[in-house]
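Enquirer: Chains X and V, in that order, give the protein sequences.
Position 78 (the first sequence) corresponds to 78 in the working numbering; numbering is contiguous.
Position 2 (the second sequence) corresponds to 2 in the working numbering; numbering is contiguous.
By construction, these hints were calculated from the structure, which means they are not laboratory data.
Take the hints with a grain of salt, since some may be wrong.
[To be verified] Below, simulated BS3-like cross-link-like pairs (lysine-lysine); rule was C-alpha separation at most 27 angstroms, straight line:
hint : chain 1 : residue 1 : chain 2 : residue 2
1    : X       : K168      : V       : K70
2    : V       : K20       : V       : K114
3    : X       : K93       : V       : K33
4    : V       : K96       : V       : K5
5    : V       : K90       : X       : K172
6    : V       : K5        : V       : K45
7    : X       : K172      : V       : K71
8    : V       : K70       : V       : K45
Below, each chain spelled out in residue letters.
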Amino acid sequence: MKNVVYVVVTALLWVLLFQLNMFVFSHFKHNLYTTWVFLPAGLRLVSVLLVDGSAILGLFIGALISYELIGVSLSASLVLSLISAINPYIAIKLSKHLLKVDDMLSNLRSENLIFMSLISSLFNGITQNLYLISIGSDPHPTMGIIVMFIGDFLGCLIMLLLLAWTSKSIRKYISSSNE
Amino acid sequence: MSNFKDVYTRFINLAVANEKLLAIPTIEPIERKILHLLVTYWENKQPITVVETMSITDEISTSTVFRYLKKLRQKGYVELVQDEVDNRIKYVTATKQTDQYFAQLGKLMVEATK
Chain X
1 MKNVVYVVVT ALLWVLLFQL NMFVFSHFKH NLYTTWVFLP AGLRLVSVLL VDGSAILGLF
61 IGALISYELI GVSLSASLVL SLISAINPYI AIKLSKHLLK VDDMLSNLRS ENLIFMSLIS
121 SLFNGITQNL YLISIGSDPH PTMGIIVMFI GDFLGCLIML LLLAWTSKSI RKYISSSNE
Chain V
1 MSNFKDVYTR FINLAVANEK LLAIPTIEPI ERKILHLLVT YWENKQPITV VETMSITDEI
61 STSTVFRYLK KLRQKGYVEL VQDEVDNRIK YVTATKQTDQ YFAQLGKLMV EATK
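For reference, chain V alone in the conformation it holds in the complex (with noise of 0.2 angstroms):
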């Protein structure tokens, strides 16, 4: 049975989202930057855990890119996937939403090119 603490738990992440109903989650310039970053590795399927992701760039400090990659998370641009053997790394994997946006730009791309 649940305690007091798990249920808030609960409702705080079924608060968090249960918001996104009500908005379009939109991109900010760092969480695109970060994103655009992410993009290289998950392509040549090459894993990156939230410890290389936080230095991924030299431009960005890496306690903002924790910040950002916090928020990427919560508008479900990326999931965090825990290894399976030392369950202290996690990993940061592209989603349907990413893969959406990355097709949706370059259709738009596309587009601008005509």
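Isolated chain X (complex conformation) (with noise of 0.2 angstroms):
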């Protein structure tokens, strides 16, 4: 039932960033599949992160609900979102592994959620491009993987800056109102 709970949010977030994101940064688009800020990418990160494993589905289906909002093809859209949700389990992994960090993330630093945000950023412009490349969908690939790069990882940057400043916000308001 809880996986239910973590699928279900994780892809109800999914798909409102991804609205949010169209709102505020449409003129940041550069083609159909990228833009130059990515907000959903923060969401890959900290999903991935909070709930591991059960995550893959619910980014995988708000993926999966987003692309058919804007008319990609479904068959596009089943691979997109499947190296969406996959990719950053995956670079997620392999970060946490090199870093050494543990599984309740209780020895997690700063630098390192720069890091895996690179990692993620990095794997994921790399494997959805060469996906667009292979469907004659992108005709200047570089461009696409770059782009695709910078977007993500300035929305984890943004994001985690967002879920930095409101958790602190949180923790102030507590302790002044318990003085």
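The task is to assemble the complex, starting from two chains supplied on their own in separate frames and drawing on the hints.
Expert: Printed below as a string of structure tokens:
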């Protein structure tokens, strides 16, 4: 039951962030698949860190719905969503292993989060664009990789900073109301 | 698969690490004192446990040292490493940030003497 909750929450947040991204950063769009700022990339990082494997299905369903909403063909949606969901899992698992971050994240440091964001963005930029090249959807593959990498990395950074600011503000508010 | 308690614990740890993105860690006088006492052990390659650190000085109570040790850990100045044989024992070790901190202090001392 709890895994269903993780999947539903992740998918729902993905769709909301995707819509928000299209609304706020509509001018930063490079093509149908890539944008210079991609907020849901931050959700990939956070959800995999928090709910581990359950994030994969949530990210997959969320991405599938989002691609459907912007009119991407079903076959392309399926492959891109699968890449979008599995990639961060592999990238973050690998980063955690390299950085020796434990499962409960007790020794996680801010620099580790930056490293994980970089690896995850790089993985995603390369693999998604390799698929787009293979179906002939991207006439400028190098540019596509660069834009997706920067977009994902900026998305991760913005989401992490927003999360940090929110958690800090909540903590301050709670401690001031307890005084 | 993760239960809610695990997810919450991870969220707290993630939030703590993440909040450091917003601030450059500053060091308080008591933290500095503890760090300066610890560095003599680290320089002599002498392992020091958390319990030993708590009574590293008579000037500060053990509970206060422990509280500031936790703060130093949160700020990334110390790391706790579990003993390979007895996992109840934890050693206090330096981090890259500690090395950078002392390197910076050394540089400032050299500049001050010029």
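Enquirer: The structure should be examined with respect to each hint, and the outcome stated for every one.
Expert: Hint check results:
Taking the CA atoms of K168 of chain X and K70 of chain V, the gap is about 18 angstroms. The hint holds against a cut of 27 angstroms. For the suggested pair K20 of chain V and K114 of chain V, the alpha carbons sit about 35 angstroms apart, so the restraint of at most 27 angstroms is broken. Restraint check: the Cα-Cα separation between K93 of chain X and K33 of chain V comes to about 38 angstroms, which exceeds 27 angstroms; the hinted pair is violated. This hinted pair does not check out: K96 of chain V and K5 of chain V have alpha carbons roughly 32 angstroms apart, beyond 27 angstroms.
With a CA separation close to 31 angstroms, the supplied pair K90 of chain V and K172 of chain X exceeds the 27 angstroms bound. This hinted pair does not check out: K5 of chain V and K45 of chain V have alpha carbons roughly 38 angstroms apart, beyond 27 angstroms. At most 27 angstroms may separate the alpha-carbon atoms for a hinted pair to count; K172 of chain X and K71 of chain V meet this at roughly 17 angstroms. Under the criterion of a C-alpha separation no larger than 27 angstroms, the hint pairing K70 of chain V with K45 of chain V is consistent with the structure, at around 22 angstroms.
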